[in-house]
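Residue numbers (the working numbering), protein chains in the order written: chain V, 6 to 699; chain A, 591 to 670; chain H, 143 to 187.
Some hints could be false.
[Claimed, not checked] To give an idea of the chain V side of the interface with chain H (calculated C-beta under 10 Å), a few residues:
#: 1; residue: 136
#: 2; residue: 138
#: 3; residue: 141
#: 4; residue: 142
#: 5; residue: 146
#: 6; residue: 148
#: 7; residue: 287
#: 8; residue: 342
#: 9; residue: 343
#: 10; residue: 347
#: 11; residue: 350
#: 12; residue: 353
#: 13; residue: 532
#: 14; residue: 539
#: 15; residue: 591
[As the list claims (entries may be wrong)] Straight-line distance between alpha carbons at most 30 Å, and here's what the computed DSS-like set of lysine-lysine pairs gives:
#: 16; chain 1: A; residue 1: 597; chain 2: V; residue 2: 248
#: 17; chain 1: V; residue 1: 205; chain 2: A; residue 2: 604
#: 18; chain 1: A; residue 1: 604; chain 2: V; residue 2: 297
#: 19; chain 1: V; residue 1: 150; chain 2: V; residue 2: 186
#: 20; chain 1: V; residue 1: 172; chain 2: V; residue 2: 150
#: 21; chain 1: V; residue 1: 248; chain 2: V; residue 2: 205
#: 22; chain 1: V; residue 1: 490; chain 2: V; residue 2: 297
None of these hints come from the bench; they were simulated from the model.
Quick reminder that beta carbons are idealized off the backbone N, C-alpha and C, glycines included.
In case you want the letters, here they are:
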Amino acid sequence: MAEAPQIFRRIAIAGNPNTGKSTIFNALTGMRQKVGNYPGVTVEKKTGRFFGSHGETMELLDLPGSYSLQVRSPDEAVSRDVLLGRVPDTPRPDAIIAVLDASNLDRHLYLVAQFLELDIPVIVALNMVDVAEQRGLTIDLLALKNSLGVPVIPMVASRGQGLIELKQALSRATLHVSECKAQLPIVLEREVSALSRILKCHAGSVRSEAMLLLSIEDERLAAEVNGNPSLLTEIHAARERLKLSGLDPIAAPVDARYAWVSEVCASVIHRRGEDSHGLTFTDHVDQILTHKLWGWLAFVTMMALMFVCIFVVAKWPMDWIDGAKDWLANLVRSHMADGDFRSLVVDGVIGGVGNVVIFLPQILILFFFLGLLEDSGYMARAAFIMDRMMSRVGLHGKSFVPLLSSFACAIPGIMATRTIENRNDRFVTILVAPLMSCSARLPVYAIMIALLMPASSVWAKAGVMLCMYLLGVAAAFVMAGLFKKTILRSETPMLLLELPPYRAPVVRGIVQRMWERAVVFLRRAGTVILALSVILWALLNYPKPATPNPTRADVLAHSAAGRFGHAIEPVIAPLGYDWKIGIGLVASFAAREVFVSTMGQIYNIEDAKADNEDLRSRMRDERRADGTPIFTPLTCLSIMVFFVLAMQCLSTVAIVRRETNSWRWPLFQIAYMNALAWVAAFIVYQGGHLLGFR
Amino acid sequence: MFPVVPKLTLSTAKCGEQLRVRHICPDCPHCVRLRELGFRDHVVVRKIADGAAVICLLMGTRLALGRELCDHVEVERFAA
Amino acid sequence: MSATTQHILAAAAVFISLLYLVLRGRRKKDCGSGCNCGTKKPQVK
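Start from the sequences, fold in the hints, and give me the full structure.
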């Protein structure tokens, strides 16, 4: 077995949010961590390796963005804990790459001031020097290097500029800890030293730990000292002494660091011409996109456009995949004698997997649009315009970013809640995030809309799909409001959010993410969906009826799945579903897309003559015992509403368990969402009936 | 008797105005973060949008702040 | 292909599928982001 290479140096990439940390990480390691133009893309530490200038192996740690080591949210806590050596399985880094936005140096140097207090060698990656240049800022690199006492590498990470120099700086035999630090008031220094002597932690970080404990707010202090009463008493006594000498322990270190930052900036930043206070491109766009009325209109228009494209553009590739699927099924039929295995291949494998794969183009278009929103910087604006609405249910706009991410998949959405400071607000957002329609629901909506309104225009179809997405959003708001008033009470938080400048989306990056998504989707279709389809085929075909030459309908009714469907029919009949839909519904709890493949299998088995017929037309012709159609508009609507609100994703359950550190919340989530789905589908179907709809 | 002049805060200031921070309430927990983001005494900010929340430009960065938070930031008009 | 062969092949396919799902549930796959996507960590560049 090959021996694992010796790690020469462990390096952490840290800095303010949205400075290009993950871009540098990806460029150095060749990995493809998600990047985007909004704060909070990375919420967990990521590890990668690369070779230095002399071939030595380096371990690189990409940390979530943070404004300060005095953390306010779980993602910032990850960075602080790693840098202070608090994480048991992660050694304290040997060096820090501090990534700074060159166009915003005076604000980003604050965190560098804190890094310099950590007694770890720091290398400054001065990213986006091109943007600073465009804004008329010239940065004296030599002066900056001398002021900070650390190497400074100018970079444009998105274009790979400065990477070689960065590697060279990291590969130096020895890296020195800088002697340059912000000068703290002497009384504060004295208290920090006294507290350092009684703290039991990593020798290198003990001073920073003491500083953080002295300058933390009272509400967070108790949790930080972990119930150590003597330490708590010491800290309170030190704070009292500081206050008596006229120093605010919370504000004093911040002011001292900013005073140092101002001094550094005064000597290194040269502005060409007058500081322009005119409106920039971003300001002009923001006047529309963050406007009380136009902002909303723009948001809804963008969403509507996305769904129209999903129907219009995806139609052709979907037809091609459908044609290929039929061609393959016919090929197997013409080369294989009738029997169980042929039925498995045609109905189970080609029918089951093909009916899911057909929706790949629509899912990719959804990801393309979400990629545009993330890369352009619009996500933070969406959070801003949603703030008013979110505050009505007791959350702030920041909670909307995880919800918007959940349109792609609830799992990254739930991970993104780590940017939310308050525990209760974070849990509320986690509980409602799966109500946002993820891409796995798209195939179900698409097929139901095709049944609901076969002859309607794409605009009408896109409108119905938009309504389904908006229903998810509305349900998320209502439930969030309910949870905030009952089980997860807390004050409405105050919004504090950075709005990044607009940037042209990097199409290559978006296409790369679409490609990755396609690979994940196809791999899932070829593994889990395939295996589930094969097992479903068995459950739909066995046990066989004892009667000789049974019809396909008899086989299905006699099968294990058929019997199960009949058994649960009383529960789902009030929603307008028959036992066959019931089978699909139960199967969809393994994966939502399986509903479509199950329907495909059921109607293939049922109607052997219509093998080549489209699944949609077969479903449309399906009748109840009294001759009335099963898939009436009301039934289709009821199914869609059920899928909008139901919790049917095991991966989401697992991630909620991990993020909440308890089984209580995921179990509660399953219970409330499925109960809500049943009740809502019941109201749609029975209410519609009472109003005379069919 | 002098008339009582109401305090000018970031939430009551007009949109588009250049402002200078006079004082930030020391008690509010979010105010530490505000300071860390650069809202220090005498720093110049510009209010660029007003609605349910406020957008202001501080040291080249656009920050969205909730109105309640803006109430904690006392400002004065600043002529460039 | 005889009916018996088809029976055996179908049974084998069902068995393999079941085995795959069971083993997949037991195996821990991680891309490092905790998203359960099943992708492995890329190699060192």
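* **When the least beta-carbon distance from residue 591 of chain V to chain H is tested against 10 Å, hint result** => 16 Å, violated
* With chain H as the partner, please determine if residue 347 of chain V meets the hint condition of a C-beta pair closer than 10 Å. => With a closest approach of 7 Å, the residue 347 of chain V hint holds.
* Pairwise hint evaluation, residue 186 of chain V against residue 150 of chain V, where the allowed Cα distance is 30 Å at most -> Roughly 13 Å between the alpha carbons, so the hint for residue 150 of chain V and residue 186 of chain V holds.
* To do: Would you settle whether the hint for residue 287 of chain V is holds or violated, based on the nearest Cβ-Cβ distance to chain H being less than 10 Å?
  => This interface hint is violated because 30 Å lies over the 10 Å limit.
* Please verify that hint: residue 343 of chain V, Cβ, nearest Cβ of chain H, below 10 Å or not. => Nearest chain H Cβ about 9 Å off; hint holds.
* chain H contact restraint for residue 353 of chain V - C-beta distance below 10 Å -> 8 Å, holds
* residue 490 of chain V paired with residue 297 of chain V [C-alpha distance capped at 30 Å] -> Status holds; Cα separation ~27 Å.
* If you take the shortest Cβ to Cβ gap from residue 142 of chain V to chain H, is it below 10 Å? -> 33 Å, violated
* **Residue hint residue 342 of chain V, partner chain H, criterion CB-CB below 10 Å** => This hint holds: residue 342 of chain V lies near chain H, its Cβ roughly 5 Å from the closest one there, short of 10 Å.
* Quickly compare the C-alpha distance for residue 205 of chain V and residue 604 of chain A to 30 Å and report which way the hint goes. => 51 Å, violated
* Asked: Holds or violated: is there a CB of chain H closer than 10 Å to the CB of residue 350 of chain V?
  -> 9 Å, holds
* Hinted contact residue 539 of chain V with chain H - closest CB pair below 10 Å -> With a minimum Cβ separation of about 4 Å from chain H (threshold 10 Å), the hint on residue 539 of chain V holds.
Hint violations for this structure: numbers 1, 2, 3, 4, 5, 6, 7, 15 and 17, all remaining hints satisfied.
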